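Single-letter residue listing:
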Amino acid sequence: MAATSMAAALAASLPAPSATISVAAPSYEAIPASMAKVIDIEADIPLTCVQLDGLVVTKIIKHAREAPSSTAHGLLLGLDLDGILEVSNSFPLPHRVGDDDDKSSKSSARHQASMLRSLKEVQADDSVIGFYQATTLGAFFNQTLVDTQAIHQDKLRHGGIVIVHDLSQTARGNASFHAYRLTGAFLDAYKKSNFSTASLMSHRLTFSSILEEVPLKIRTNPLLSAFLGKLTETSDEGLPSATIGANSGLAPSFSVLDLGTGGVARNLEQIIEAVDNYRTEEGNLSYLTRQIARERSKAENYIAKRKEENVGRVAQGLAPLPEEDVTRLFKIPAEPSRLESMLILGQIDAYGKSLAGTASTGLVKMYAANASTDV
Amino acid sequence: MPLGPKSSAINIHGTTVTDSSHNVPRTPTNITIHPVALFSILDHYLRRTDAQDRVIGTLLGTRHDNEVEVRSSFAVLHSETDEQVAVDMDYHRTMYELHHKVNPKEVIVGWYSTGSNLNTYSALIQNFYSQETSPHQAIHVSVNTGTEEGQEAGVKAYISSPVGVNPKPENCVFVPVPVELRFHDAERSGLDLLANTASLPAATTAQPVADLEIIERALVSVSDMLDRVLTYVRAVLAGEKKGDPAIGRYLMDTLGASTEDLEKGGFNTSLQDTLMISYLANLVRAQAEVSSRLALTAAS
Numbered sequence: 001m002a003a004t005s006m007a008a009a010l011a012a013s014l015p016a017p018s019a020t021i022s023v024a025a026p027s028y029e030a031i032p033a034s035m036a037k038v039i040d041i042e043a044d045i046p047l048t049c050v051q052l053d054g055l056v057v058t059k060i061i062k063h064a065r066e067a068p069s070s071t072a073h074g075l076l077l078g079l080d081l082d083g084i085l086e087v088s089n090s091f092p093l094p095h096r097v098g099d100d101d102d103k104s105s106k107s108s109a110r111h112q113a114s115m116l117r118s119l120k121e122v123q124a125d126d127s128v129i130g131f132y133q134a135t136t137l138g139a140f141f142n143q144t145l146v147d148t149q150a151i152h153q154d155k156l157r158h159g160g161i162v163i164v165h166d167l168s169q170t171a172r173g174n175a176s177f178h179a180y181r182l183t184g185a186f187l188d189a190y191k192k193s194n195f196s197t198a199s200l201m202s203h204r205l206t207f208s209s210i211l212e213e214v215p216l217k218i219r220t221n222p223l224l225s226a227f228l229g230k231l232t233e234t235s236d237e238g239l240p241s242a243t244i245g246a247n248s249g250l251a252p253s254f255s256v257l258d259l260g261t262g263g264v265a266r267n268l269e270q271i272i273e274a275v276d277n278y279r280t281e282e283g284n285l286s287y288l289t290r291q292i293a294r295e296r297s298k299a300e301n302y303i304a305k306r307k308e309e310n311v312g313r314v315a316q317g318l319a320p321l322p323e324e325d326v327t328r329l330f331k332i333p334a335e336p337s338r339l340e341s342m343l344i345l346g347q348i349d350a351y352g353k354s355l356a357g358t359a360s361t362g363l364v365k366m367y368a369a370n371a372s373t374d375v
Numbered sequence: 001m002p003l004g005p006k007s008s009a010i011n012i013h014g015t016t017v018t019d020s021s022h023n024v025p026r027t028p029t030n031i032t033i034h035p036v037a038l039f040s041i042l043d044h045y046l047r048r049t050d051a052q053d054r055v056i057g058t059l060l061g062t063r064h065d066n067e068v069e070v071r072s073s074f075a076v077l078h079s080e081t082d083e084q085v086a087v088d089m090d091y092h093r094t095m096y097e098l099h100h101k102v103n104p105k106e107v108i109v110g111w112y113s114t115g116s117n118l119n120t121y122s123a124l125i126q127n128f129y130s131q132e133t134s135p136h137q138a139i140h141v142s143v144n145t146g147t148e149e150g151q152e153a154g155v156k157a158y159i160s161s162p163v164g165v166n167p168k169p170e171n172c173v174f175v176p177v178p179v180e181l182r183f184h185d186a187e188r189s190g191l192d193l194l195a196n197t198a199s200l201p202a203a204t205t206a207q208p209v210a211d212l213e214i215i216e217r218a219l220v221s222v223s224d225m226l227d228r229v230l231t232y233v234r235a236v237l238a239g240e241k242k243g244d245p246a247i248g249r250y251l252m253d254t255l256g257a258s259t260e261d262l263e264k265g266g267f268n269t270s271l272q273d274t275l276m277i278s279y280l281a282n283l284v285r286a287q288a289e290v291s292s293r294l295a296l297t298a299a300s
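Chains as they are written, first to last, in the UniProt record's numbering: chain A, 1 to 375; chain B, 1 to 300.
Rather than coming from a laboratory, the hints here were simulated on the basis of the structure. In this text, all values refer to a predicted model and were calculated from it rather than measured experimentally. There's no promise every hint is true.
What the hints assert, rightly or not - Just the calculated beta-carbon pair ranges, DEER-fashion: (1) A:THR48 - B:THR254: 44 to 50 angstroms; (2) B:GLU216 - A:SER208: 43 to 49 angstroms; (3) B:VAL290 - A:ASN284: 18 to 24 angstroms; (4) B:PRO245 - A:PRO222: 22 to 28 angstroms; (5) B:PRO245 - A:LEU363: 39 to 45 angstroms; (6) B:GLY243 - A:ASP258: 27 to 33 angstroms; (7) B:LEU294 - A:PRO333: 53 to 59 angstroms; (8) A:LEU257 - B:LEU251: 52 to 58 angstroms.
In this text, a Cβ means the ideal position worked out from N, Cα and C, and glycines have one as well.
All chains should be built: construct the whole structure from the sequences, respecting the hints.
Printed below as a string of structure tokens:
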């Protein structure tokens, strides 16, 4: 339910694309030839890369760490230029509490609208280009993400992107950001809201083909670079050379070399949880499938019986009974959606991947430590 | 971690306040800044209009005993002319409410400006923010972006106190307070990433970075440090340099770390665990993949 509320909130706050185009269209000025390749009003140039500003990196990390629940999300602002989507700012969205759906979605929409207006006043970028979501241990597949992204796909230029940040990996010393968007096949199935087996087959959908990754780059603007350079610079006034580093704003850290494998237990727990969820979901699905099969066989039996009867009646010279009221007599339920189980599988896979990653770096570190003790 | 050039100011800390004066707001004696606040200020400075000499904004954060922790900041509209200074109060209020909704713990603690000159207008703005933060004292953080020639980038923080026989809002003394950069350990790698990016000529890095690459980087840096220490120790042994007992103590503590646990079979146990986990992880992934493929063929 929360998913739809957020989706509705986003839908309400985003400007309708048709409106912006109609405003922009009359005020054309001749685009200089040198810029003609770069400026695309209709968003014709496909995105090749997402460029994340340093400010957004810190903002997302801070929000992800402080958020009360494991999933923090917010909107990304920026613009696209010659196939590079520049993310220059972001702001967090309020954490949803309770299940007061309608009210919270409205207030969330209001929040976004006034935030965008306020940012515009101080010359910050104010066009929404997607959203970000923080996860732990890599499992970011969920209904909310898919719903929100599907709405963005219609409303935003280039369909919007979602940036996923893995908090647990950042804590381990490797800050990671990934940019994704929905694949065409998934979007097609989503629009028809048809996730039956047949639809999945025709679209060749598995969890790995829901999202496609867009290359992502981190950029720091020159001012930030200069400032960071100043912070990391060592100022060893009056101190012996051996203590270099102690006096700089950013002393080096070696948390990546930590041999501890603290997060593994939690990771395993989550895998078990996800597998349990998957089993429940599969149970539901098979129950529904059985029910469908039962209803269908009932209906078929009925038809066969009717046909037999009719053959008998014709032989006796009587008028045959009508055959078309089968659909009214037997309600065959619609085929269940497999989206949920697909998403859970995606989660399991992501947990597995993060576990494998931890294990493999753990191995490297252990052998390194062992080798250094032998010396 | 200090920010910017050393100041010659002496910061006098009073004796710790006893419980009797619990209701009296304490004077901040230490200010910490989260990188987000700092980077937002820099971004705001980049986006200023040509007419603006400096930009100002509100600092949000939390207060502990004598410490103010600045955790985020937002830009505020203001205009300065020779005759007057105006701050958009409505804007400030709206933005504060928006921020407050997302992060209720953060309250207004003061304001920032870029550039390091403190003038009458600074005092007036300080006066305005003091009303916002009362009964606590407002802090002022001035960020020198280092874009003007001959000025060094750095951050300074001040608190104000009234001056004169009849205190007026446009008169005040800005008392410097030590300021430090502070962030959570978990956010460390994000900053490393940015620092790394900043040091590259193109100022961009591709994501994601492999874990091994980061480990390698850390190892290389450790190896560099060992080399430096080795040179120093050799120089001391050869009598070229006078040894510093403090450094010797540090080296002893650092290098004397025991690896006994690893040697006593700990390695093998741990290795088996890790291998098991690796196996399990791959098994789970394979199962998930098979399961999703099976779903595609079920109907045929």
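Evaluation of the provided hints:
Distance hint check for THR48 (chain A) and THR254 (chain B): the Cβ-Cβ separation is about 47 angstroms, which falls inside the suggested range of 44 to 50 angstroms. Checking the proposed 43 to 49 angstroms range against GLU216 (chain B) and SER208 (chain A) shows it is violated: the Cβ atoms sit about 29 angstroms from each other. A hinted range of 18 to 24 angstroms holds for the C-beta pair VAL290 (chain B) and ASN284 (chain A), which are about 20 angstroms apart. The hint said 22 to 28 angstroms for the Cβ distance between PRO245 (chain B) and PRO222 (chain A), and at roughly 44 angstroms that hint is violated.
Taking the beta carbon of each, PRO245 (chain B) and LEU363 (chain A) are about 40 angstroms apart, inside 39 to 45 angstroms as hinted. GLY243 (chain B) and ASP258 (chain A) have their C-beta atoms about 31 angstroms apart, which keeps the hinted 27 to 33 angstroms range intact. One distance hint, 53 to 59 angstroms for the beta-carbon pair LEU294 (chain B) and PRO333 (chain A), is violated here, with the actual separation near 22 angstroms. Range check, LEU257 (chain A) to LEU251 (chain B): about 18 angstroms between beta-carbon atoms, so the 52 to 58 angstroms window is missed.
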